[in-house]
Amino acid sequence: MAQFVLHKGSTRGHANHGWLNAHHTFSFANYYDPERMHFGVLRVLNDDSIDGGMGFGTHPHDNMEIITIPLEGALAHKDSLGTSSVIQHGDIQVMSAGTGVQHSEFNANADQVVKLLQIWLFPNKKNVTPRYGQITLDIAKRHNNFQQILSPEPDDAGVWIHQDAWFSLGTFDENFETDYQIKKQGNGVYAFVIKGSVTIDGHELTSRDGLGIWDTDKISLKFNTPDTEVLLMDIPMEL
Amino acid sequence: MKTLTILYIGRNQEITDTMNRLLNAREEWKGITTCLEEEALVMVKDIPIDLVLLGNGISAAAEEKLRADLIRIRPVLKIIQHYGGGGGLLYSEIMAALNG
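Protein sequences appear in the order of chains A and B.
Note that UniProt numbering has the first sequence beginning at 1, numbered continuously upward.
Note that UniProt numbering has the second sequence beginning at 1, numbered continuously upward.
No lab work stands behind these hints: they were computed from the structure.
Among these hints, one or two may not hold up.
[Said to hold, decoys possible] Derived SDA-like pairs (lysine to any residue); straight-line CA-CA distance at most 25 Å: (1) A:LYS78 - B:LYS65; (2) A:LYS78 - A:GLN88; (3) A:LYS126 - B:GLN13; (4) A:LYS126 - B:GLN81; (5) A:LYS125 - B:MET1; (6) A:LYS125 - B:GLY87; (7) B:LYS45 - B:ASN20; (8) A:LYS183 - A:ILE135; (9) A:LYS8 - B:ALA60; (10) A:LYS126 - B:LYS2; (11) A:LYS125 - B:THR34; (12) A:LYS126 - B:ASP46; (13) A:LYS126 - B:LEU41; (14) B:LYS2 - B:ARG74; (15) A:LYS125 - B:ALA96; (16) A:LYS183 - A:ALA110; (17) A:LYS126 - A:SER80; (18) A:LYS78 - B:LYS2; (19) A:LYS222 - A:TRP160; (20) A:LYS195 - A:ASN224; (21) A:LYS126 - B:MET1; (22) A:LYS222 - A:GLN134; (23) B:LYS30 - B:LYS78; (24) B:LYS2 - A:ALA29; (25) A:LYS78 - B:ARG21; (26) A:LYS222 - A:TYR180; (27) B:LYS2 - B:GLU14.
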């Protein structure tokens with residue numbers, strides 16, 4: 001029988017540093033809740049809003065798959081691999097930190113907030129060679145459809161990572177219904193509502209709520225509001 | 001409040017330096033760091049370390065040997081894996097280790 005865990009948006013950790021307004025679904029920085037450490041290999045789900053011109057100075061990462069999804073505005077990225085780029089809504093950025101990488105992330109605009117999701121997954125292989133990737137996707141293909149934005153395969157749609165994970169994004173009309181088939185046995189799905197309201201297997205979620213479901217092979221979704229935007233993360237439950 | 005002495009072991013010098021700064025930024029923690037296993041073993045012998053964090057670049061075989069060597073010196077020593085290489089997960093990893 002399917003198991004679930006519901007994380008209402010209002011129960012997330014919150015830190016407002018002035019220039020950075022961050023909500024943490026799982027324990028991060030000074031937010032610590034032993035009941036909110038991870039969902040399977042999903043360790044971090046941060047919902048960040050960064051003021052114009054501000055950002056994170058150069059800092060290191062290792063042994064983590066880091067995915068950044070800009071929701072509004074643009075984010076400038078520089079790293080020790082020689083990458084210098086700007087990502088914006090419609091782009092997906094991935095970094096396999098592996099043996100170690102240093103990077104900085106700044107709002108690329110002085111007069112506009114950048115909003116983004118940053119997601120960290122435990123890798124399935126430690127100490128890999130650090131790697132950077134980004135892709136621009138056609139947002140129109142997300143209408144009433146889950147568009148795959150990440151997979152474990154370099155040749156598959158979206159970016160790829162060192163983990164048996166598949167991410168999908170979609171924007172749906174009110175009353176639209178669909179099922180999502182879990183890609184791999186033993187995986188669960190963590191659904192995060194970016195905007196609107198959706199009912200998943202009988203659980204009603206609104207903006208910034210998260211629902212983890214496992215011990216099942218599919219989930220059923222019904223969208224309750226126009227332009228409901230949902231991110232699905234299909235991930236191994238075993239660490 | 002007791003100050004926790006935390007040893008971080010990693011291969012990447014820049015990350016190890018950052019971890020040193022992050023660990024020592026908190027009043028309740030004293031951080032010491034090294035990139036060398038031999039030095040870590042000496043530290044565990046000589047210093048009353050409460051917790052060891054294993055960081056970047058240590059292979060599975062090296063980690064297994066290091067854990068065994070550390071436990072041989074101090075059987076009750078808590079040893080955990082540090083992920084992420086920065087401050088994001090540090091506090092919750094340490095709290096979970098101490099409360100676990």
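The hints, checked one at a time:
1. A:LYS78 - B:LYS65: The given pair, whose Cα atoms are some 36 Å apart, is violated under the 25 Å limit.
2. A:LYS78 - A:GLN88: Measuring from Cα to Cα gives roughly 15 Å; hence the hint holds.
3. A:LYS126 - B:GLN13: With a Cα-Cα distance of about 18 Å, the restraint between LYS126 of chain A and GLN13 of chain B holds, given a limit of 25 Å.
4. A:LYS126 - B:GLN81: holds (11 Å)
5. A:LYS125 - B:MET1: Given pair LYS125 of chain A, MET1 of chain B is violated - Cα atoms ~39 Å apart, limit 25 Å.
6. A:LYS125 - B:GLY87: holds (22 Å)
7. B:LYS45 - B:ASN20: Given that 25 Å is the threshold and the Cα spacing comes to 20 Å, the pair holds.
8. A:LYS183 - A:ILE135: holds (22 Å)
9. A:LYS8 - B:ALA60: Violated, at about 38 Å.
10. A:LYS126 - B:LYS2: Violated: LYS126 of chain A and LYS2 of chain B sit about 34 Å apart, past 25 Å.
11. A:LYS125 - B:THR34: Answer holds: LYS125 of chain A to THR34 of chain B is near 23 Å, not above 25 Å.
12. A:LYS126 - B:ASP46: violated (30 Å)
13. A:LYS126 - B:LEU41: Between LYS126 of chain A and LEU41 of chain B the Cα gap is close to 23 Å, so the pair holds against 25 Å.
14. B:LYS2 - B:ARG74: holds (20 Å)
15. A:LYS125 - B:ALA96: Holds: LYS125 of chain A and ALA96 of chain B sit about 23 Å apart, inside 25 Å.
16. A:LYS183 - A:ALA110: Distance ~41 Å between LYS183 of chain A and ALA110 of chain A Cα, so the pair is violated.
17. A:LYS126 - A:SER80: The given pair, whose Cα atoms are some 19 Å apart, holds under the 25 Å limit.
18. A:LYS78 - B:LYS2: violated (40 Å)
19. A:LYS222 - A:TRP160: Violated, at about 28 Å.
20. A:LYS195 - A:ASN224: holds (11 Å)
21. A:LYS126 - B:MET1: Violated. LYS126 of chain A to MET1 of chain B sits at ~36 Å, over the 25 Å cutoff.
22. A:LYS222 - A:GLN134: Judged against 25 Å, a Cα distance of about 31 Å means the pair is violated.
23. B:LYS30 - B:LYS78: The hint holds at about 16 Å.
24. B:LYS2 - A:ALA29: It holds: about 21 Å lies between the C-alpha atoms, which stays within 25 Å.
25. A:LYS78 - B:ARG21: Holds. LYS78 of chain A to ARG21 of chain B sits at ~22 Å (cutoff 25 Å).
26. A:LYS222 - A:TYR180: holds (11 Å)
27. B:LYS2 - B:GLU14: violated (29 Å)
The earlier numbered hints that this structure contradicts are 1, 5, 9, 10, 12, 16, 18, 19, 21, 22, 27.
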